[in-house]
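Undergrad: Protein chains in written order, with numbering that gives the first Met the number 0: chain L, 0 to 418; chain X, 0 to 418.
It is worth saying that the hints were derived from the structure and are not from the lab.
Some hints could be false.
[Claimed, not checked] Straight line, CA to CA, 25 Å or less: simulated DMTMM-like cross-link-like pairs of lysine to aspartate or glutamate:
id, chain 1, residue 1, chain 2, residue 2
1, X, 214, L, 213
2, X, 214, L, 13
3, L, 214, X, 274
4, L, 375, L, 388
5, X, 212, L, 211
6, L, 212, X, 274
7, X, 214, X, 27
8, L, 174, L, 296
9, X, 406, X, 274
Here the structure is a predicted model, which is why all the values come from computation and not from measurement.
There are 2 protein chains.
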Amino acid sequence: MATSSIKRDSANLEAWQQICRAEPVLKDIRNAIDVLPGMTPDLILTSGPPMKWEDYAGGQREAIIGGAQFEGLAQNRETAIAGLDAGDIRIDGCHDHGCVGSLAGIYTASMPVLLIENETAGNLGFCNMYEGTNPRRLNYGVYDQGVHDRLTYVNTRVSPVIAEAVRLSGGIPLKPIIRRALHMGDELHSRSTAAALIFTRELFPYLIEIAEKDKQAVHEAVTALTEDHYFFLRLSMAAAKATADAAHHVEGSSMVTAMAFNCRGFAIRVSGLGDQWFTGPHATVEAQLFDGHTQEEITWMGGESTITETIGLGGFAQAAAFPLQRYQGGSAQAMIDRNMELYNITLGENPDYQIPALDYRGSPTGIDIFKVIDTKVLPAMDIGIPGRDGGQIGAGIVRAPMECFTKAREAYIQRYGAF
Amino acid sequence: MATSSIKRDSANLEAWQQICRAEPVLKDIRNAIDVLPGMTPDLILTSGPPMKWEDYAGGQREAIIGGAQFEGLAQNRETAIAGLDAGDIRIDGCHDHGCVGSLAGIYTASMPVLLIENETAGNLGFCNMYEGTNPRRLNYGVYDQGVHDRLTYVNTRVSPVIAEAVRLSGGIPLKPIIRRALHMGDELHSRSTAAALIFTRELFPYLIEIAEKDKQAVHEAVTALTEDHYFFLRLSMAAAKATADAAHHVEGSSMVTAMAFNCRGFAIRVSGLGDQWFTGPHATVEAQLFDGHTQEEITWMGGESTITETIGLGGFAQAAAFPLQRYQGGSAQAMIDRNMELYNITLGENPDYQIPALDYRGSPTGIDIFKVIDTKVLPAMDIGIPGRDGGQIGAGIVRAPMECFTKAREAYIQRYGAF
Numbered sequence: 000m001a002t003s004s005i006k007r008d009s010a011n012l013e014a015w016q017q018i019c020r021a022e023p024v025l026k027d028i029r030n031a032i033d034v035l036p037g038m039t040p041d042l043i044l045t046s047g048p049p050m051k052w053e054d055y056a057g058g059q060r061e062a063i064i065g066g067a068q069f070e071g072l073a074q075n076r077e078t079a080i081a082g083l084d085a086g087d088i089r090i091d092g093c094h095d096h097g098c099v100g101s102l103a104g105i106y107t108a109s110m111p112v113l114l115i116e117n118e119t120a121g122n123l124g125f126c127n128m129y130e131g132t133n134p135r136r137l138n139y140g141v142y143d144q145g146v147h148d149r150l151t152y153v154n155t156r157v158s159p160v161i162a163e164a165v166r167l168s169g170g171i172p173l174k175p176i177i178r179r180a181l182h183m184g185d186e187l188h189s190r191s192t193a194a195a196l197i198f199t200r201e202l203f204p205y206l207i208e209i210a211e212k213d214k215q216a217v218h219e220a221v222t223a224l225t226e227d228h229y230f231f232l233r234l235s236m237a238a239a240k241a242t243a244d245a246a247h248h249v250e251g252s253s254m255v256t257a258m259a260f261n262c263r264g265f266a267i268r269v270s271g272l273g274d275q276w277f278t279g280p281h282a283t284v285e286a287q288l289f290d291g292h293t294q295e296e297i298t299w300m301g302g303e304s305t306i307t308e309t310i311g312l313g314g315f316a317q318a319a320a321f322p323l324q325r326y327q328g329g330s331a332q333a334m335i336d337r338n339m340e341l342y343n344i345t346l347g348e349n350p351d352y353q354i355p356a357l358d359y360r361g362s363p364t365g366i367d368i369f370k371v372i373d374t375k376v377l378p379a380m381d382i383g384i385p386g387r388d389g390g391q392i393g394a395g396i397v398r399a400p401m402e403c404f405t406k407a408r409e410a411y412i413q414r415y416g417a418f
Numbered sequence: 000m001a002t003s004s005i006k007r008d009s010a011n012l013e014a015w016q017q018i019c020r021a022e023p024v025l026k027d028i029r030n031a032i033d034v035l036p037g038m039t040p041d042l043i044l045t046s047g048p049p050m051k052w053e054d055y056a057g058g059q060r061e062a063i064i065g066g067a068q069f070e071g072l073a074q075n076r077e078t079a080i081a082g083l084d085a086g087d088i089r090i091d092g093c094h095d096h097g098c099v100g101s102l103a104g105i106y107t108a109s110m111p112v113l114l115i116e117n118e119t120a121g122n123l124g125f126c127n128m129y130e131g132t133n134p135r136r137l138n139y140g141v142y143d144q145g146v147h148d149r150l151t152y153v154n155t156r157v158s159p160v161i162a163e164a165v166r167l168s169g170g171i172p173l174k175p176i177i178r179r180a181l182h183m184g185d186e187l188h189s190r191s192t193a194a195a196l197i198f199t200r201e202l203f204p205y206l207i208e209i210a211e212k213d214k215q216a217v218h219e220a221v222t223a224l225t226e227d228h229y230f231f232l233r234l235s236m237a238a239a240k241a242t243a244d245a246a247h248h249v250e251g252s253s254m255v256t257a258m259a260f261n262c263r264g265f266a267i268r269v270s271g272l273g274d275q276w277f278t279g280p281h282a283t284v285e286a287q288l289f290d291g292h293t294q295e296e297i298t299w300m301g302g303e304s305t306i307t308e309t310i311g312l313g314g315f316a317q318a319a320a321f322p323l324q325r326y327q328g329g330s331a332q333a334m335i336d337r338n339m340e341l342y343n344i345t346l347g348e349n350p351d352y353q354i355p356a357l358d359y360r361g362s363p364t365g366i367d368i369f370k371v372i373d374t375k376v377l378p379a380m381d382i383g384i385p386g387r388d389g390g391q392i393g394a395g396i397v398r399a400p401m402e403c404f405t406k407a408r409e410a411y412i413q414r415y416g417a418f
């Protein structure tokens, strides 16, 4: 089957509109086993294109081993490795189960996940909960008693309060929160400070109800919601997954619907090219590291929070978040220049997600693989940086590798013909 | 007595440091009669240099008449005018009673006021409460049953809840809130959206306590706090008053410590020149009006919220608040240019109040009358615009008139000698 440029444009318009029209609404927080498609008790989900167990290395491998222990699938590190070696503990990629992983992105059956419905298309997207401010986290490749305790705390103490508030509310629409947060210094990937405050304010009437039963738990939940810049990221990730998935599988579209990486490299999915991942080497990074850390420590252990960039947030809205200079380096002008450049590789401007510093221009939305190849402008993403010994050691900006796009172009031409 | 340029520089450094070192803390909300210096039951405070009753005109006159009725000093408009004519109802300027007025700035004895202590210098600053989202407000020269009811609602329903929460807290430091809000799209004059959310979050633990007694009142208070962009302005005004007053009366200083206007014109006070107001004509304005209103309707009825600009906020931090383009006109670049220009007339950069879009440069702080005269750059201020029939009809940017500064220079030279 051969397709014309006109047919591709029309398919891309359809895919782009699915992104722009999405109405993600937080409906519930449920355990992964109860809501993630295909989730089973023996399954651990991790970021990026799924690989065989023996191909996972470094922090991502450690995170999988930690996840098995956390879930009680193994009593210790050794039995976890044995279970993974034997295939008694299975591994799969988050994206194929409706969710997205932050860094290593470990999901196990009992973990609570945010359930977002895209009310326009009717599909669901999921993300698990932020582990808290300590840089040593399971999703950064660390597992010890402290990580276990903090995860347990979030899952058993924080999540139930927020879950109950969300249920009492009947659902919290996320698009209005994201839209406002873009006017308040957030880009919804490496900074979601305002979004968390607005979200907390939306929950307030229901939190007061819950406080009648357990005031202390409500205090703790509000602290978890607002103590740093990352809690709401999980909501913007799940919203972005529910948004991008609605634009996936549009026949003939060359628009990117997912960007993700594992410990081996970067990868993209394309709307009209099914569930195949087009892989390439690791992204290049401009990092700013926390005091006491060096460039040599930077490692890769996976990441799918780049789903936010896929729908026009994060690096694609970085001129909305100048405070990130302090966190991930650069200057306001560099952020503007980088943001402006991304209009060259996108299909349109998001009508809802607007950037005040760019005179309210809509964020560049919907990456076209052909535009990336033609312009040589690579998607820019804001990410947290893990260290080889585990934990977060900084933040920075990465660029997707060209190889993913050239491979996707080949597959596109193979499937749809040259034009 | 003659002073050298070195002595003036040293005095200005002292005054500027008082601004930068101030630590405004919200300690309480009390009735004006109980806390405002020199407040009496028959007194109405209004914005700008105080005048004889017969000199007040238009909306400011209407606001004074409305204030007399609201306070019960008169049963109706006619008896209020008679009382004012006879001097039974007295008028004075807000600034001389420790407070600052928003627009017409009406204070009467029973009104609750925010009590801010500058913990560095130990002085107090006050401001009364935001009347709510309806553009018809007493401070915009309107008084009718609706205005009366909304004022009564704020005073008897909203203020007591916030007052109790503040007392339970032991005091809410405002500088950290203002500092964070500048990274979240606020300039703390025409936009205080993030500040209100952060403030609400700070009050949250105490609001939950109060909700045990009266949940509905807490819901209403939180709505008042967060429903638009103006609630926190009264806190930033009071904080700015407590800040600027600490820098007032520094012998030899040519730094502006207040900018204010009444219905007749604009005026400034200067640190080393006592309580004299140096007056000029009305400020010039670039306004953006709400739908259905025209430039011909623009009128002046006083205003002292320009105290925020006096300490380096508002128009002096406008590049922190690009969303204001939508509200008061202009472009992001115009806001940057205007903000940058103001560094030419200020004594230094505020170490705490930083502007992310200017690569975290501190806001231009401490206006020097000599720099204004030398550079011909006039202070720029973000203000709400009243209409001649009362009510808010838009927002915009005003420039102080040069005449205030030339008069102040004359007085300075007369007092301290030429150099």
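Undergrad: If any of the earlier hints don't hold here, list their numbers in rising order.
TA: Numbers 2, 3, 4, 6 and 8 - these are the hints that the structure violates, sorted from lowest upward.
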